[in-house]
Every structure is written in C-alpha cells, then in structure tokens.
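Q: The primary structure of each chain is shown beneath.
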Amino acid sequence: MTALYTLTDLSKKYTRGKETLTIFEELNMTIDQGDFISIMGPSGSGKTTLLNLLGGIDRPSSGAVDCEGVRVDKLSEGKLAKWRSAHVGFIFQFYNLMPMLSAAQNVELPLLLTSLSSKERKKRVETALDIVGILDRKGHRPAQLSGGQQQRVGIARAVVADPKVLLCDEPTGDLDRATADEVLETLQLLNRELNKTIVMVTHDPAAAGYASRQLHLDKGRFVEREAV
Amino acid sequence: MNDLTIIRKNLFRKKLRAILLTLSIMIAFLIYGALGAFYNVWTAGVDMAAANRLITVNRINFTVDMPIAYFSRIQSVEGIENVSHANWFGGYYQEPRNFIQTFAISPEAYLESYPELVIPPEQRADFIADRTCLLVGVDLAAQYGWEVGDRIPLNSNIWQQDDGTSDWDFNICALFDGDEEEIPANYAMFHYEYYNESLAFNRDRIGWMVVNTTDPDLNDQVARDIDALFANSSAETETTTEAAFSRAFLEQVGNIAMILLSVIGAAFATILMIVGTTMVMAINERTQEIAVMKTLGFPAPRIFRMVLSESILLSFVGGLLGLGLATLIVEGASSALAGFLPGLSMPMDVVLTAFGLMLGLGLLTGLGPALSAQRLSIIEAFNKH
Ligand SMILES: Nc1ncnc2c1ncn2[C@@H]1O[C@H](COP(=O)(O)OP(=O)(O)OP(=O)(O)O)[C@@H](O)[C@H]1O
Ligand SMILES: [Mg+2]
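Quick mapping for you: the protein sequence lines, in order, are chains A and B. The opening residue of the first sequence carries number 0 in numbering that gives the first Met the number 0; numbering runs sequentially from there. The opening residue of the second sequence carries number 0 in numbering that gives the first Met the number 0; numbering runs sequentially from there.
Derived from the structure by calculation, the hints contain no laboratory data. Keep in mind it's a predicted model, so treat the numbers as computed, not measured. Do not rely on the hints blindly, as some may be mistaken.
Simulated restraints on C-beta separations [as the list claims (entries may be wrong)]:
#	chain 1	residue 1	chain 2	residue 2	range
1	A	Ser-117	B	Gly-359	47 to 57 Å
2	A	Ser-117	B	Ile-255	49 to 59 Å
3	B	Ile-18	A	Ser-60	47 to 57 Å
4	A	Ser-42	B	Leu-366	50 to 60 Å
Straight-line alpha carbon distances no greater than 27 Å define the calculated DSS-like cross-link-like pairs of lysine-lysine that follow [claimed, not checked]:
#	chain 1	residue 1	chain 2	residue 2
5	A	Lys-218	B	Lys-13
6	A	Lys-122	B	Lys-13
7	A	Lys-137	A	Lys-12
8	B	Lys-13	A	Lys-137
Built from N, CA and C at the ideal position, the CB exists for glycine as well.
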C-alpha cells in the first residue's frame, strides 16, 4: 500500500502567557491510500486538532505533514486553500450547510472553485447526490431536511470534487442510531467502492467499528486496536 | 449557480431585513434625486451666468422698477461694452395656470447681452424689425406646440392696456435656443416699445438693466460707478454680477442649498449608520458559514469580494429604486409645475452623482465586514461554536 499522509515528529502546542499546553508531541504516523481510520479519545485529546492539521486549516508547532509529497504545513494561505479544494473533503458534525442554498447548490459549492462548465457541474452534483441516496431532495433547503438527510448532503458536498481523502469530525454525533448507521454505511461504500481514504473522529465505538483501522488518541499518543 | 447567486441569496436570506434596508436606501435616494432635480432648475441661471455680466436693479429690491432715463445715463460709464434693459411682464396663455415667463426687452441690445441665445439670422432680423413679434424659447414652443408664424395672445396678470384689456396679441416670428443644454429656453421675450406704449399706467419705467463689461476685472469698478451715478436720486440702484444676483434671488427663496444639503446629508448619514451596522451584524451571524467556505477552499480575496459585492448590490438595488421613483415624480411634476419651474427634469449630473453615492455607500458599508470576513481564521470561527 502507498502512503497518502506521512506525519513526522508532529507537535502542536499552545502557549498562554508562560504556560505551554502540549496537545501532542513528536507524533509519527502514516495514513495509507484507501484507509478508513477511526480516531477515538477523550474530549480535549486533540482529535479535531489532528484533523485540522491533516486538512490544512491549522499548522503544527513543529514537524511535517506530508501528503503525496506536498508539505502541507509549508504551503501559503492561498496555495493551501487551493490544495484543500482539490484534495480534501470535509464532513462536519453539524453538517455546516448554507441555509439559503438548496441541497444541489450546497453540493455545487466546491465545484465553483473548478473550471467545470455549469452543465458538467450539474452532472457531477447529481451523481454525488445519487451516490448518497438523496437525489430526490435536491431542491430542498437544509431546513426542509432531516439531520440524516442533511449529513448526506454534507457527504455529497465533500466528495463532489473527487478528493482523495475525507476528514470527518463526529459525522454521526448528532444522529440517532439507525440514521447514524445509514450514514456510516455510505462512508463505508465511498471507502470501498470509490477508494476514498477516510479519517473519522468519533465518540461512538459502534461507529468506529465501521473503520478498517481504529486508533485511540490519548495524552498525545496513539494506541492502535485491531479492527473487528 | 455562480458567486452572484450566493451573494444575492445571502442578501435576501432575511426577507424583512433586506426589504427594510432596501426601503431606507430607496428613501434616501428618492430624497436626493427629487431635491437634486428641483435644486438644479433653481440654480440653472446661476451656473450659466456670464462672468462679465452685471445686473442693475432698484436698491429697494429687484421687483421695484426705475426710470427709463437711467438706460441712457448709464451709457456714459467707463468699461461698459453693452447695456440692455428688461421688464417683467408676468404673462399667461389663455388661463392663469398656463404661466409663461415673459420679458419686455430692448430687443437688439438684450440679445447682445446674451450671446449664448442662438436664433437663426433671418428670424433674428424679423424679431428686431417686428414690434409685435414674440421671441419664444424652443422648449416653451414645444410645450404648447407653437411654431413660427403662429399668432397668439398673452395676458398679463400685472399690467393693463389703455383700453382696459390685459391681453396683448403676438406674432411668433422667431425661436431661440441656448448654445448649451443647460441654458434655459422656456421663456419668451418681446419689444419693450410695444409693451410701454400700450400701458395704461406706469409707462417709461424699466425693471432692470443688464450690463456687459469690457473685462470681468472691471466688474467691481463699473458696478461702483453705476451705483454712484444714481446715488441720492429717487431710485438708487444696486449693481451686482449676474451670478451674485441669481444667488441673491435664491437666498430670498430661503437658502435652499443649505436646507437641501442638510436634508440630504442627514438622510445619508442615517442610512450609512443603519446599513453599516446591519451589514456588520449580518456578517457576524455568518462567521461559521464563512469559515466553512474557506475550509472548502474559497480563497480569502474571493470571500472579500463576495461580502463587499453584497453591500454594493444592496446599495444599488435601493439606490436605483429610489432614483427611479424620483425620476417618475420629477417627470410627473414637470408638466404640473411647468409654469413655475419650467425645465424641471432629472438632470444627468444628479443621476451620475447618485451612481457615485450608491457605489460609495456600498463600499463604505461593506468594506469593514468584507475585511473581517477576509481575515477570519477558520479555526477560531469553529472554536467559537
Ligand atoms: N486556540 C486554542 N488555544 C488554546 N488551546 C486550544 C486552542 N484550540 C484548541 N485548544 C485546546 O486543544 C485541546 C484539543 O482540542 P481538540 O478540539 O482537538 O479536542 P478534541 O479531541 O477534538 O475534543 P472533543 O472530543 O471535545 O471535540 C483542547 O484542550 C483545547 O482546549
Ligand atoms: Mg473535536
């Protein structure tokens, strides 16, 4: 397997006055192409911080974030934005959809950063909505959709530009069991059929069970568990 | 969908708020457009005043007349190129509401005083030769459908003829126009002689004199000399430049410029504050969404443009509605007020300034929010949640 991400001696610290808060120090790990990784750990252990570093919306205090040979931690703001739009799909706990846009328009958003024609964009949007099983609701605004449906739109938005990796921060944290399972099955499908690399933070052991590799983050260290 | 779709949807996501904002901007531009148009007709004369033109009026005020003898006496003053005189006729056509600004003038000299009035040479000669000729401005002629050759009566609401009637018969033998768009061509003129001879009372009096100096630098000297000439007489004079005279007239109407400026200024200061704070609030409410856009990869400059465009769009929607409404009102009032404020219309410079104000308002109210949106840190925005 080829490594997608290589994290080398990664540290993240916050200094408040004289105090230094170390989230993690000298963290080393690789994420392979096609991995479905779940990350669990106590609140405040740095799970979201790690996703932010992988997604290029935060910078490490030291160490390297390498994604396919690109030093993500070294990119300028403008280049980082461009890199994110092409390589990473984000899925949030509270969906973070634009309330004034329809499902289809929300999914189209990342495609505005590409050079695709509006016809091609429309086709891609419909495909993405179809994959997550919500094409019939494409004209609805988020307020007219249930939580599970909104998260499907969120997933469609994350995959529409065809990124290699999906970063999910508690994607089922706001959903009931049955709906959560549906959403997780969709993620699993994206991982298996479309070979999307997924890094998913979760508090729910059942959700973690969908992953092929389960990591536990505690006190700045990873503990790996055998996948079930 | 494109950026404009998002900008538009962002602007109108809270319908009531968007409508109220649009209305407040609309009202400000309505006030600006309407008052600007009125102000423009009032001051048209001031702008067009020639630098070397002086007006001599009775010192008491400009509605009081003076003896015709002054006209010949004034000729002796040094530095004068040309002198003409005029009387207010106060005419109307058929019924008093068809008010027509009409002057009884010394024909040849008056036209020399106002070289900006253009008349075809033959018509000019006809006018000077024909005592009963009415020289009509092209705009006035258009308003009543008059043509050269028409015979029309004009009534005076001030003067009476010897025979007790107050209607004078005229032969429209010439039309004049200004050599520039702004020069009014909505009044009429005729021979002083025709007027003076038929008067029942108050003969041999003139309303005011128009003096062209040989050099604008001599204006003050000439004005002083003229007034000195008639000092201690029964009708002392006051001579000022035409521009000052026109402005003095405006000041009598109530220092309109100041009033208009403060009304417009207050209206704009108010909307600037209302729209400014509302835009700041609106963008603050969207911190999370802006962070998401940035996460998706929208570059900061593009976010900046989108937020700024939103307030510019708002400003233009409200501004164009207001300016459109002002134009409708001005055009509507134009025919109703044709007698009192002839030439009332939406002037181009008011329209252009309004566009400038729309852009300025949009930029001023949008710049702050756009900058904070551009600078917004994704991590901080998400942490606040
Ligand atoms: N800007 C900041 N300044 C100081 N400390 C911060 C800042 N951002 C995050 N932290 C701290 O970093 C630690 C890790 O935060 P993070 O959000 O990554 O935790 P988490 O594992 O995602 O927790 P949760 O499960 O509650 O989401 C927390 O202790 C948090 O207080
Ligand atoms: Mg977290």
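Q: Hint numbers the structure violates, sorted upward?
A: Of the numbered hints, 1, 4, 5, 6 and 7 do not hold.
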